[in-house]
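Colleague: So you can see what is in the structure, the chains are spelled out below.
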Amino acid sequence: MPTTPAADRLRQRAAVLRHLATRLQSLRVLTSHLDAGPDTWVGPSPQACLDDLRAHRVALLHHVDSLHAEARRFVRLADEIDAQAAALPRIS
Amino acid sequence: MALLAYDPDGVGRLHLSLTRALEQLRTVGCTDPAAAEAMRSVRRAASQVDQVWLPLVFRLLSTDPLSSAQRRNEHIHALDQSLIRVMAEGYGWAAQHDPLSDDVTRVTAEEARALGAMLNSVDELALANDPEQLLWLAGQLQIIGRDPALSSEFLANFVNWDILTYVLADQRVQSYRDDWRGNAVTQAIDAAFGGLMTVWRHSLPEQALHAGERASVASLLPPTQLGDPYVQALMLRALPLDSATLAAVTDELLLTWLARKHDLEPGSSMDQGVENGPNAADVLLPALLADPAAAVAFADRAVDHLDVLFDTLADPGIGYQVLLLATDPAHTTPLAAERVVVSVLRYFETDPYHPGMDTDGYPGTYGPFLGELVAPWLLQFLGSNTDWATDPDYRSPLLAIALRDDEALQRLTEATQRMAAGFARTLDGSSQQQAQQIGELLTMIGTLTVAQQVADADARPHAFSMLWTIGDLSTSLIKNPLVGIAAGAALGYVHDRLDDATTGPTAEQVRTTGEWTMDHVLTAAAANCLATLVLQWRAAGRVGATLAAPPTADPSTRCPSTHYLRDLRDWVATLPGGADGPLAEEAKELVTAFISGTSAQEHCS
Numbered sequence: 001m002p003t004t005p006a007a008d009r010l011r012q013r014a015a016v017l018r019h020l021a022t023r024l025q026s027l028r029v030l031t032s033h034l035d036a037g038p039d040t041w042v043g044p045s046p047q048a049c050l051d052d053l054r055a056h057r058v059a060l061l062h063h064v065d066s067l068h069a070e071a072r073r074f075v076r077l078a079d080e081i082d083a084q085a086a087a088l089p090r091i092s
Numbered sequence: 001m002a003l004l005a006y007d008p009d010g011v012g013r014l015h016l017s018l019t020r021a022l023e024q025l026r027t028v029g030c031t032d033p034a035a036a037e038a039m040r041s042v043r044r045a046a047s048q049v050d051q052v053w054l055p056l057v058f059r060l061l062s063t064d065p066l067s068s069a070q071r072r073n074e075h076i077h078a079l080d081q082s083l084i085r086v087m088a089e090g091y092g093w094a095a096q097h098d099p100l101s102d103d104v105t106r107v108t109a110e111e112a113r114a115l116g117a118m119l120n121s122v123d124e125l126a127l128a129n130d131p132e133q134l135l136w137l138a139g140q141l142q143i144i145g146r147d148p149a150l151s152s153e154f155l156a157n158f159v160n161w162d163i164l165t166y167v168l169a170d171q172r173v174q175s176y177r178d179d180w181r182g183n184a185v186t187q188a189i190d191a192a193f194g195g196l197m198t199v200w201r202h203s204l205p206e207q208a209l210h211a212g213e214r215a216s217v218a219s220l221l222p223p224t225q226l227g228d229p230y231v232q233a234l235m236l237r238a239l240p241l242d243s244a245t246l247a248a249v250t251d252e253l254l255l256t257w258l259a260r261k262h263d264l265e266p267g268s269s270m271d272q273g274v275e276n277g278p279n280a281a282d283v284l285l286p287a288l289l290a291d292p293a294a295a296v297a298f299a300d301r302a303v304d305h306l307d308v309l310f311d312t313l314a315d316p317g318i319g320y321q322v323l324l325l326a327t328d329p330a331h332t333t334p335l336a337a338e339r340v341v342v343s344v345l346r347y348f349e350t351d352p353y354h355p356g357m358d359t360d361g362y363p364g365t366y367g368p369f370l371g372e373l374v375a376p377w378l379l380q381f382l383g384s385n386t387d388w389a390t391d392p393d394y395r396s397p398l399l400a401i402a403l404r405d406d407e408a409l410q411r412l413t414e415a416t417q418r419m420a421a422g423f424a425r426t427l428d429g430s431s432q433q434q435a436q437q438i439g440e441l442l443t444m445i446g447t448l449t450v451a452q453q454v455a456d457a458d459a460r461p462h463a464f465s466m467l468w469t470i471g472d473l474s475t476s477l478i479k480n481p482l483v484g485i486a487a488g489a490a491l492g493y494v495h496d497r498l499d500d501a502t503t504g505p506t507a508e509q510v511r512t513t514g515e516w517t518m519d520h521v522l523t524a525a526a527a528n529c530l531a532t533l534v535l536q537w538r539a540a541g542r543v544g545a546t547l548a549a550p551p552t553a554d555p556s557t558r559c560p561s562t563h564y565l566r567d568l569r570d571w572v573a574t575l576p577g578g579a580d581g582p583l584a585e586e587a588k589e590l591v592t593a594f595i596s597g598t599s600a601q602e603h604c605s
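In the order they appear, the protein sequences are chains A and B.
Under this note's numbering, the first sequence has 79 at position 79, and the numbering climbs by one with no breaks.
Under this note's numbering, the second sequence has 497 at position 497, and the numbering climbs by one with no breaks.
I should point out that these hints are in silico values taken from the structure, not numbers from a laboratory.
Only a predicted model underlies this, so the values are computations on that prediction, with no experimental measurement involved.
Warning: the hint list may mix true and false statements.
If we take Cβ atoms under 10 Å as the criterion, some of the chain A residues that face chain B in the derived model are [said to hold, decoys possible]:
no., residue
1, T3
2, T4
3, R23
4, L27
5, H63
6, S66
7, E80
8, I81
9, Q84
10, A85
11, A87
12, L88
13, P89
Covered stretches of chain A (in silico footprint by chain B; criterion: 3 or more residues with CB under 8 Å from a CB of chain B, positions within the stretch not fixed) [said to hold, decoys possible]:
no., region
14, 5-11
15, 47-56
A few chain A positions that, by computed beta-carbon distances, are all more than 12 Å from chain B [claimed, not checked]:
no., residue
16, A14
17, D35
18, A59
Note that beta-carbon positions come from the ideal geometry of N, C-alpha and C, so glycine has one too.
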C-alpha cells in the first residue's frame with residue numbers, strides 16, 4: 001500500500017521518539033543512585049543527593065514510557081491516514 | 001552545621017559515575033516537540049549533577065577530612081550525629097562538614113540503626129540532663145515508631161534498655177526535688193519514654209496489648225534486669241493498652257511497689273523515700289482516669305487490697321478520682337459499685353491513716369471523698385433496696401462511716417450531680433414505690449445525721465443542708481411528675497431556717513431542733529407529693545373541681561407532721577369513696593412513705 005507524505009512524517013517522528021527513549025533508557029544517570037547510597041556516604045547532603053538521583057531516574061523512566069506511547073500513537077495515526085488515502089477514489 | 005561521613009573510595013567511584021552520567025546527559029538531544037518534556041528532564045538532571053552533586057563530591061575528595069579533635073568539637077557524640085559517628089568511628093570513614101542541615105522530619109533505616117547503636121553507648125546521665133537532646137530523641141523515636149520496619153531497625157540495634165531507662169527515670173525523680181511540678185527535664189524525659197515505647201510496641205504481638213486479665217507487666221516491657229517499678233510505670237503508661245490490660249498491669253505493678261515499700265519483697269523502687277514528686281502510682285494511675293472502663297476493672301481488682309490506692313500515692317487525690325470514676329453510675333453497675341463502695345467504707349471504718357499507715361506523700365483528707373463516693377448510691381443503702389447484696393442491717397452503719405465527717409457531709413451536699421445520676425438510675429416502680437424509697441432515704445439520712453452529727457457544732461450546717469439537698473433533689477427526680485413541682489418553694493423555706501434550727505447551746509437542744517428540721521423536710525416532701533397527686537386525679541377526672549385542696553405543711557408549727565397527719569385524716573374523708581376508699585388509700589400510702597412514725601416524729605410528738 002502506498003504511503004502519504006503526512007503518514008511518512010509521523011512515522012519518522014515515531015522513530016525519533018523511539019530512538020530518544022532508547023537513549024534515555026541506557027543513560028548512566030539511571031544507575032548513579034546505586035553509587036550514592038549509604039554504602040558510600042551518609043549525612044543530610046548524601047541523603048539529598050540519593051533522593052535527587054532517584055527522582056531523576058523515576059522521571060526519565062516515565063519519559064521513556066511516554067515517548068514509546070507517543071511513538072505508537074504516531075504510527076497508528078499514520079496507518080489511519082494511509083488507509084483513508086487508499087479508500088479515496090483514484091483519479092485516472 | 002551538620003556533618004557527613006563517607007567512604008573515600010566509594011565517593012571516588014561516585015565521582016566517576018556522576019562524571020560519566022553528565023557526559024552522557026549532555027549528548028542527548030531531540031528537537032521533536034513531542035520530546036520537549038523529556039528533554040527538560042534531561043537538562044534538569046544534567047544541571048543538578050553538574051552544579052550541585054559533582055562539586056560536592058569533588059570538594060570531599062579535595063579537602064582533608066576532619067581530624068578526631070575537630071570531630072569532637074563538632075559534637076559528633078551528640079545523638080543527632082549518631083549515624084555520622086557510627087560510620088566514622090565504627091567503620092573508619094572520613095567526616096566533613098555538610099553544607100545542608102539534617103531534615104529532622106525524616107529518618108532513614110541507617111539513621112534508625114545508628115540511633116539505636118548510639119543509645120547503647122551514650123552518656124546516659126548527660127542525656128538525661130539535656131532537654132534539647134531528649135526532645136530531639138523523642139521526635140526521632142516518634143517518627144521511627146510510625147514505621148514498623150524502621151522500628152525493627154532501631155530495636156535490632158538498641159540493647160541498652162536497662163541503663164538508659166533507669167537513668168532517665170532516676171533523673172525524672174530528681175527533677176521534682178525543688179518543685180512539685182517538675183521542670184523542663186521532666187517533660188523531655190516523659191517524651192523520650194513515650195518515643196521509646198512507641199517503637200517498642202512494634203515488637204509486641206497484638207494480643208499482648210489486649211491480654212486483659214491475663215496480662216502481666218513482664219509480657220509487655222523490654223527485658224530488663226533491674227525491674228524497677230517506677231521505670232516500669234513510666235513505660236507502661238506509654239503503651240496503648242486496652243482497658244482490662246491496663247487495669248491488670250497497673251494492679252500488678254502497684255502490688256509489687258507496695259510489697260517493696262513494706263520490705264515484703266526484695267528490691268526497692270527508686271521513687272520510694274523521696275520526699276517530693278510523684279511516685280509510680282502517681283505516674284500510672286492517672287492513665288485510668290482517661291479510661292473509665294479501665295478504672296472500673298482496676299477498682300474491681302483492687303477491692304481486696306485497697307492499699308494499692310490508699311497506701312501508695314504521693315497525691316491521694318488521684319486514687320479518690322479513680323474510685324469516683326469507677327463507681328460513677330454512668331460507667332458501672334450497682335453490684336460492681338457495691339463491691340467497691342462497701343470495701344472502701346470498711347477500709348475507712350477505722351481511720352487507716354492514724355496511726356501506722358501513710359501514703360508516700362501526704363495522708364490526704366478522705367472525708368470529702370467518702371461523701372462523694374456514696375452520693376450516687378444512697379438509695380442502695382436502704383434496707384428495702386434489692387440492688388445490693390449487703391446485709392440490709394449493715395447498710396445504715398456503713399453509710400454512717402461516710403457521714404461521720406463534716407467535710408464528707410459538705411461534699412455530699414455539693415455532689416448533687418452524682419446524687420442525681422444515682423437517683424435517676426435507681427428510682428423505679430410506681431410513684432408510690434418511688435416516694436417510699438425517697439421517704440425511707442430521707443428518714444435514714446435524717447436519723448443518721450441527727451444521731452451522729454448534732455453534737456458536732458462544725459458539722460451541723462452540713463448535716464442539715466445535706467438533708468435539704470437530698471429532699472429537694474429526690475422529690476424533683478422521681479420520674480413520675482407526681483412530686484417536685486412545689487418542692488423547691490416548700491423545702492427552700494426549711495432550708496432558709498436551717499441556721500436558726502441548728503444553733504443550740506446543748507447537744508440535746510440541737511438534737512431537738514435537728515429532729516424538727518427533719519420533720520419539716522419529710523412533711524414538706526409528703527405534702528408536695530400529695531398536691532401533685534391531686535392534680536393528676538383532677539386531670540384524669542377521678543375527682544371533681546370542687547374537691548378541697550389537700551393539706552399543706554405548716555412551717556410555723558414545731559412538729560408539722562403531727563398537724564399534717566391530722567389534717568390529712570380530715571381531708572381524705574372528703575374524697576370520693578370516703579376515708580377508706582381507693583383514693584384515700586392511695587393518698588395515705590403516699591404520705592406514709594415520708595412520714596410514718598420515724599424517730600424524729602416520735603420525738604417531735
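Colleague: Against each hint, give a clear statement of whether it holds in the structure.
Modeller: Evaluation of the provided hints:
1. T3: violated, 19 Å
2. T4: Constraint on T4 (chain A) not satisfied, violated at 20 Å.
3. R23: Given a least distance of 6 Å, the restraint on R23 (chain A) holds.
4. L27: holds, 5 Å
5. H63: holds, 4 Å
6. S66: holds, 7 Å
7. E80: Where the cut-off is 10 Å and the nearest Cβ of chain B is about 18 Å from E80 (chain A), the hint is violated.
8. I81: Violated, about 17 Å.
9. Q84: violated, 22 Å
10. A85: violated, 23 Å
11. A87: violated, 27 Å
12. L88: violated, 28 Å
13. P89: This interface hint is violated because 34 Å lies over the 10 Å limit.
14. 5-11: The restraint on the region 5-11 of chain A is violated, since only 0 of its residues have a Cβ under 8 Å from chain B and three are required.
15. 47-56: holds (count 6)
16. A14: violated, 9 Å
17. D35: violated, 4 Å
18. A59: violated, 5 Å
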